[in-house]
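Novice: Listed here are the chains, written in short residue letters.
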Amino acid sequence: MHNKQRLIFGYIALIPAIIVFCVFIVYPVINTFYLSFCNYRTQTIRQGPQWIGFANYAQMFSDDKMWTALKFTVLFTLISVVLESVLGMLCALIMNRQGKTRALVCAMILIPWCIPTVVSGLMWNYIFAESYGVLNYLLQLTGLTSGAVRWLTDSNYAFLSILISDVWKTVPYMSLLMLSALKTVDASFLEAAQIDGANKVQSFFKISMPCMKPIIIVAVMFRTIQSFRIYDLIRVLTNGGPQGKTTSLTIYTITQYTTYGNMGYGAALAVLTFIISMIIAVCFQDGVKSKLEV
Amino acid sequence: MQAVHSKPKSTVVKNIGLGVFTVLFVLMIVAPFLWLLLAAFKTGKELYSMPVQILPSGFNFQNFADAFKMQPLASYIVNSLIVAILSTVLIIIIASLVSFALARTQIKGKRLVLLMLLSISLLPPVTILNPIYLMMSNLKMMNTTYGLALVLVAIELPTAAWYLMSFFQTIPDALEESAMIDGANVVTIFCRILMPLVAPGVFTVSIMTFIAVWNNYLFASVLNPSKKARTVTVALTMYAGETTTPWNTIAAAAIVSCVPLVIMVLICQKRIVSGMVDGAVKG
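Residue numbers (my numbering), protein chains in the order written: chain A, 1 to 294; chain B, 1 to 283.
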C-alpha cells in the first residue's frame with residue numbers, strides 16, 4: 001500500500017523536471033537541427049524558414065573561418081584540459097601533505113571559482129594591457145623581456161593570454177576535485193606497496209591512479225566539455241581577435257546570429273558544436289556510465 | 001641509524017618546500033584579484049602612471065560612485081538578484097523532487113532520468129541559444145527576469161540534482177520506516193522528515209546554484225539586452241567606451257558585483273568544499 005503510494009509520488013516528482021527538459025532542451029535542440037537545413041535570416045524573418053537541404057553544411061565545410069575557429073577551439077581544449085588536469089593533480093598532491101594551512105588554501109581556491117568569468121576576463125585584460133599593464137611592467141623590470149609584449153593583440157600571445165586566464169580560473173577548482181580523488185585512495189594499499197619496495201612515483205601510477213580513475217574521468221570529461229564551449233572569457237579578453245585568430249566555435253556561431261543575422265547557417269554551426277560535444281562524451285564512456293548509476 | 005638521522009633533516013626540507021608552495025599558490029590565486037581591488041581605489045592618474053604605482057594614494061570611493069552613475073548599476077544588481085533567487089528556489093524544488101525519486105524510490109526508468117540530466121550538462125548552450133531566443137520573443141518573455149530565470153533553471157538543474165542526490169542517499173531508511181509505521185504518507189515524509197534532514201545540503205547547493213546563475217553571461221546577454229532588464233555580468237562589459245577603457249570604474253563595478261559572492265563563499269567555505277568533494281566522490 002505504502003509502497004505503491006511511494007512509487008506514484010516518485011513518478012509525479014519527475015514531472016516538473018521533465019517539462020523543463022522538454023521545453024528548454026529537447027524542443028530547442030530539435031529546432032536547431034531543423035533550422036540548420038533552412039535559409040532563415042533576421043532580415044527576412046517574416047518569411048519564416050525555407051528548406052534548403054544541406055546547403056548550410058556545404059557552406060560550412062568550405063568556410064575557412066569555420067575551420068580556423070574549429071582548429072582554435074580543438075587546440076585550446078586539448079592544451080587547456082591537459083595542462084589544467086596535470087597542474088590540478090600536482091597541486092592536489094602537495095595540498096594532500098599540508099597540515100593546518102590546507103584550510104586556508106581551500107578557502108582561497110574558492111575565489112577564482114566563484115567570481116564571474118566576465119570579471120576574471122576583465123581582470124586579466126587589465127593585467128595584460130600593453131602600455132600600462134602590470135605584467136609587462138614586471139617582465140621589463142626583471143629584464144625577462146626587453147619591450148612590451150602585445151599580450152592581447154599579437155596572435156601568438158593572445159592564445160597564451162586566454163590560456164593563462166583560463167588556468168587561473170580553473171586549476172584551483174580542479175585541484176580540489178583531484179584532492180577529493182586522492183582521499184579515496186586506501187592508505188593501506190600504499191603502505192603495502194612501500195613495504196614491497198615500490199617508490200613514490202611507482203605507487204602513484206600503479207596504485208593511486210587506478211583508485212582515483214573514476215573520479216578523475218568524470219572531472220576531466222566535464223572540463224573538456226566546458227573548455228570546448230569557451231565563450232565568456234574570449235568575449236571580454238580578445239573578442240575573437242586579432243584577425244579572428246582566437247575566435248572559438250561558440251563566438252563564431254554567435255557572430256553569425258548577431259552580426260549577420262544568418263540563423264540557418266548559425267544553426268548548422270551549433271549542430272557541429274553539438275556533435276563534437278557528443279563525440280567528446282563518447283570518448284569518456286566510463287565517465288558517462290558512472291553518471292548513469294544511482 | 002642512518003635512517004633515524006636523515007629523517008628530521010628531510011622533514012625540515014619538506015616543510016620549507018610545502019611552505020614555499022603554499023605561499024606561491026595562494027599568491028598566484030590572490031594577487032590578480034588583489035590587483036583588481038587596488039585598481040578600484042586608484043585615480044585615473046595613478047592608474048596609468050609609469051612606473052606602475054602599486055598602492056592607491058588612499059581609499060578613494062569616487063570610482064564606486066562613478067560605477068553607479070555611468071550605468072544604473074543598482075537596478076542591474078536588483079535584476080541579477082531577482083533572477084538568481086527565482087532560479088535557485090525553482091531549481092531546489094525541482095531538483096529535490098528528482099533526487100528523492102532517484103535516490104529513495106524504486107521507480108523504473110531511473111537511467112533515463114539520469115541520461116536526461118547528463119545530456120543537459122553535456123549540451124553546449126549555443127546549440128539551444130537561437131530557438132530559446134525565438135521562443136522567448138514569441139512568448140513576449142524577452143527582457144524579463146522570470147524568462148531568463150526559467151531558462152537558467154533548465155541549464156543549472158543537473159548539477160543541483162546530482163549534489164542533492166548524494167545528500168538524499170545518506171539518510172538511513174530506518175527514519176522513514178518508523179514514520180511510515182506511524183501512518184505518515186509519502187508526501188508528509190518527504191516534506192516533514194526528509195527535507196529537514198537534507199537542509200544542510202540544500203543550503204550548500206543553493207549557494208552554488210545562486211553563484212552559477214548570477215555569473216551567467218551568455219543567456220543573460222542574449223535574452224535580456226534592454227537597459228531595463230540587464231544583469232550585472234552583462235553591464236560589466238559595457239563600461240568600456242569606443243576609445244577609452246576606464247579600468248578603475250570597471251574594477252569598482254566588478255568588485256561590487258562579486259564581493260557578495262566572495263563573502264558568501266568565505267563564510268560557507270567548509271560546507272562548499274565538502275559539498276564539492278562529496279559530489280565528486282559520489283560521481
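Hints are supplied without guarantee of correctness; some may be wrong.
What the hints assert, rightly or not - Computed Cβ-Cβ distance ranges for the label pairs, DEER-style:
1. T258/A - I85/B: 39 to 45 angstroms
2. V23/B - C211/A: 42 to 48 angstroms
3. T188/B - W67/A: 47 to 53 angstroms
4. E242/B - I52/A: 34 to 40 angstroms
5. I54/B - I45/A: 48 to 54 angstroms
6. G58/B - V82/A: 44 to 50 angstroms
7. N96/A - Q62/B: 44 to 50 angstroms
8. D173/B - T259/A: 23 to 29 angstroms
9. C211/A - M238/B: 28 to 34 angstroms
10. G58/B - E191/A: 53 to 59 angstroms
Said to hold, decoys possible - No more than 27 angstroms apart at the CA atoms, straight line, and that leaves these computed lysine-lysine pairs for DSS-like:
11. K100/A - K14/B
12. K200/A - K213/A
13. K245/A - K110/B
14. K206/A - K183/A
15. K4/A - K108/B
16. K289/A - K108/B
17. K183/A - K108/B
18. K110/B - K4/A
19. K289/A - K14/B
20. K270/B - K100/A
21. K200/A - K14/B
22. K110/B - K213/A
23. K270/B - K206/A
To be verified - A partial selection of chain B residues facing chain A, derived with a Cβ cut-off under 8 angstroms:
24. T22
25. L34
26. G44
27. Y48
28. F100
29. L115
30. M116
31. T127
32. A154
33. I250
34. I267
35. Q269
36. I272
37. V273
Derived from the structure by calculation, the hints contain no laboratory data.
We put the beta carbon where it would ideally sit given N, CA and C, even for glycine.
Novice: What are the numbers of the hints the structure violates, in ascending order?
Specialist: 1, 2, 3, 8, 9, 13, 17, 19, 23, 25, 26, 34
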